[in-house]
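Chemist: Work out the full structure, taking the sequences as your base and the hints as a guide.
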Amino acid sequence: MSCSETNLGNAVVIKASGRIDLTTAESFKDSILAALAAAKTSLIIDLSGVEYISSAGLRSLMTGFKASKGQNKTFAVAALQPLVLEIFTISRFNLVFPVFETLRKAVESLDPDALPAFDAS
Amino acid sequence: MQVTFWGTRGSLPSPLNARTVRSKLVNALVKGSGKNLDTPEKAEAFCEQELSFAEAGTFGGNTSCVQVDTGGPDYLICDLGSGAREFSLSALGKHGPAKPQTYHILVSHVHWDHIMGFPFFVPAFIPGNKIKIYSCHAKFEQAIRGQSHEPCFPVEFTSLASSIEFITLQPETEYEIAGAKVTGKLQLHGNDSYGYRIEKDGKTVVYTTDAEYKTGDRGAMERAAAFFHDADLIIFDAMYSFAESISVKEDWGHSSNILGVEISQMAKAKKLVLFHHEPVNNDDRIQSILGETIRFEEITRTGDPLAIVAAYDGLKIDL
Ligand SMILES: [Zn+2]
Ligand SMILES: [Zn+2]
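Chains A and B are the protein sequences, given in the same order.
Each residue of the first sequence is one higher than the one before, starting from 6 at the first, in this note's numbering.
Each residue of the second sequence is one higher than the one before, starting from 397 at the first, in this note's numbering.
One should not assume that every hint holds.
As the list claims (entries may be wrong) - In silico DSBU-like links for lysine-lysine, alpha-carbon gap of 30 Å or less:
#, chain 1, residue 1, chain 2, residue 2
1, B, K581, B, K526
2, B, K599, B, K610
3, B, K610, A, K78
4, B, K420, B, K431
5, A, K71, B, K610
6, B, K495, B, K666
7, B, K610, A, K20
8, B, K664, A, K74
9, B, K526, B, K712
10, A, K71, B, K645
11, B, K535, B, K438
12, B, K712, B, K664
13, A, K74, B, K420
14, B, K712, B, K490
15, A, K78, B, K645
Claimed, not checked - Some residues of chain A that are not near chain B, with every Cβ distance over 10 Å (derived):
#, residue
16, T79
17, K110
18, D124
Stated by the list, open to error - Where chain A lies over chain B, by a calculated footprint (3+ residues, C-beta under 8 Å):
#, segment
19, 612–618
20, 630–643
21, 648–661
22, 691–698
Simulated from the structure, these hints should not be mistaken for lab results.
In this text, a Cβ means the ideal position worked out from N, Cα and C, and glycines have one as well.
Modeler: Spelled out as structure tokens, the structure:
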């Protein structure tokens, strides 16, 4: 599992890749919390590179989501691979916070002013 | 061993109502129309082959009671929820009231849904029967005696004619009960609860309800998997969705289907039974949770397959 961060207007986008399980969930959580602290208004997690997420990884997302509410920031995930989307549905994580089909749709919803910069990048 | 589920519902008995029965009938009649179901045999085959379990039956509404047949002459059951009444009637039906039996009962904890069947446990009223109630829980004797007492119940515990004994177990200690090896383990649950690992003739059943397993805590997951290791059957508290169990219902003392699968996979267990169904979940809902859990097991499988079953009142599983 690896994470990279990009600043995009008032949002921060984290792109995670690989498997998020009991071994990697803690560092995933740390990356989310650090990015959230740096984000002005919104955090978007791009899961397009994630092939598997276990309950431990889902818990990291929940921790990030709860922290975002405490900081009055918006939180969303985007671009789930079909298998990860299934795991979201079965665990009901699709009902917890917004899940967008694509990263662009997430940016459009959470930080529309950043859309031109996103499209140009 | 054979395991029979007499009560599988969490928190409180949840019987079907007339409207639900009617909607099942309407659905079945529409699906069966034009199929020439003019004999009970044809209708039975149609129900079996063309309707889902939820369409043709019900998961049931009695609270926790599971019988483990260890092959010996004595009975062994886990918990005394409202399902214990039906268990007791079936046992009496088999032997008749005149032939005394010994009943060994493991109690997970004393929340009402796990002891409410005892005042209606008919063998307790009959002289000659031996009833041995075991638990690691500190207050099980007080709670079971206390509910058979005025003003909550008109028959006093002290007037019961059978011989009733309370035996306190120490957790993490192996005992021989009804011919099986039984080990209890403390579980995370309000006012505490205990799971039991039951082993006999090379087969293992783990009864773990009213237990909140925590993901993300590797040590806790590994300790749970060690208690479940290589079990043939795990009867697991799958009351909530995983998202609920770590958000609005965190620390409410119950687990999810997702953690049931993950811990059972870590433990290399063979079969997982979803148990302690949420009372607000109707039959269709439980059926779809079962389907999703089967799918979740498929997509997360790393070793041998883990079979998944949703418990229902009346289910029997041979090991
Ligand atoms: Zn319960
Ligand atoms: Zn309980």
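Chemist: Each hint: holds or not?
Modeler: Going through the hints against the structure:
| no. | hint | verdict |
| --- | --- | --- |
| 1 | K581/B <-> K526/B | 26 Å, holds |
| 2 | K599/B <-> K610/B | 27 Å, holds |
| 3 | K610/B <-> K78/A | 27 Å, holds |
| 4 | K420/B <-> K431/B | 17 Å, holds |
| 5 | K71/A <-> K610/B | 17 Å, holds |
| 6 | K495/B <-> K666/B | 37 Å, violated |
| 7 | K610/B <-> K20/A | 26 Å, holds |
| 8 | K664/B <-> K74/A | 38 Å, violated |
| 9 | K526/B <-> K712/B | 25 Å, holds |
| 10 | K71/A <-> K645/B | 14 Å, holds |
| 11 | K535/B <-> K438/B | 52 Å, violated |
| 12 | K712/B <-> K664/B | 22 Å, holds |
| 13 | K74/A <-> K420/B | 43 Å, violated |
| 14 | K712/B <-> K490/B | 17 Å, holds |
| 15 | K78/A <-> K645/B | 23 Å, holds |
| 16 | T79 | 17 Å, holds |
| 17 | K110 | 22 Å, holds |
| 18 | D124 | 33 Å, holds |
| 19 | 612–618 | holds (count 3) |
| 20 | 630–643 | holds (count 6) |
| 21 | 648–661 | holds (count 5) |
| 22 | 691–698 | holds (count 4) |
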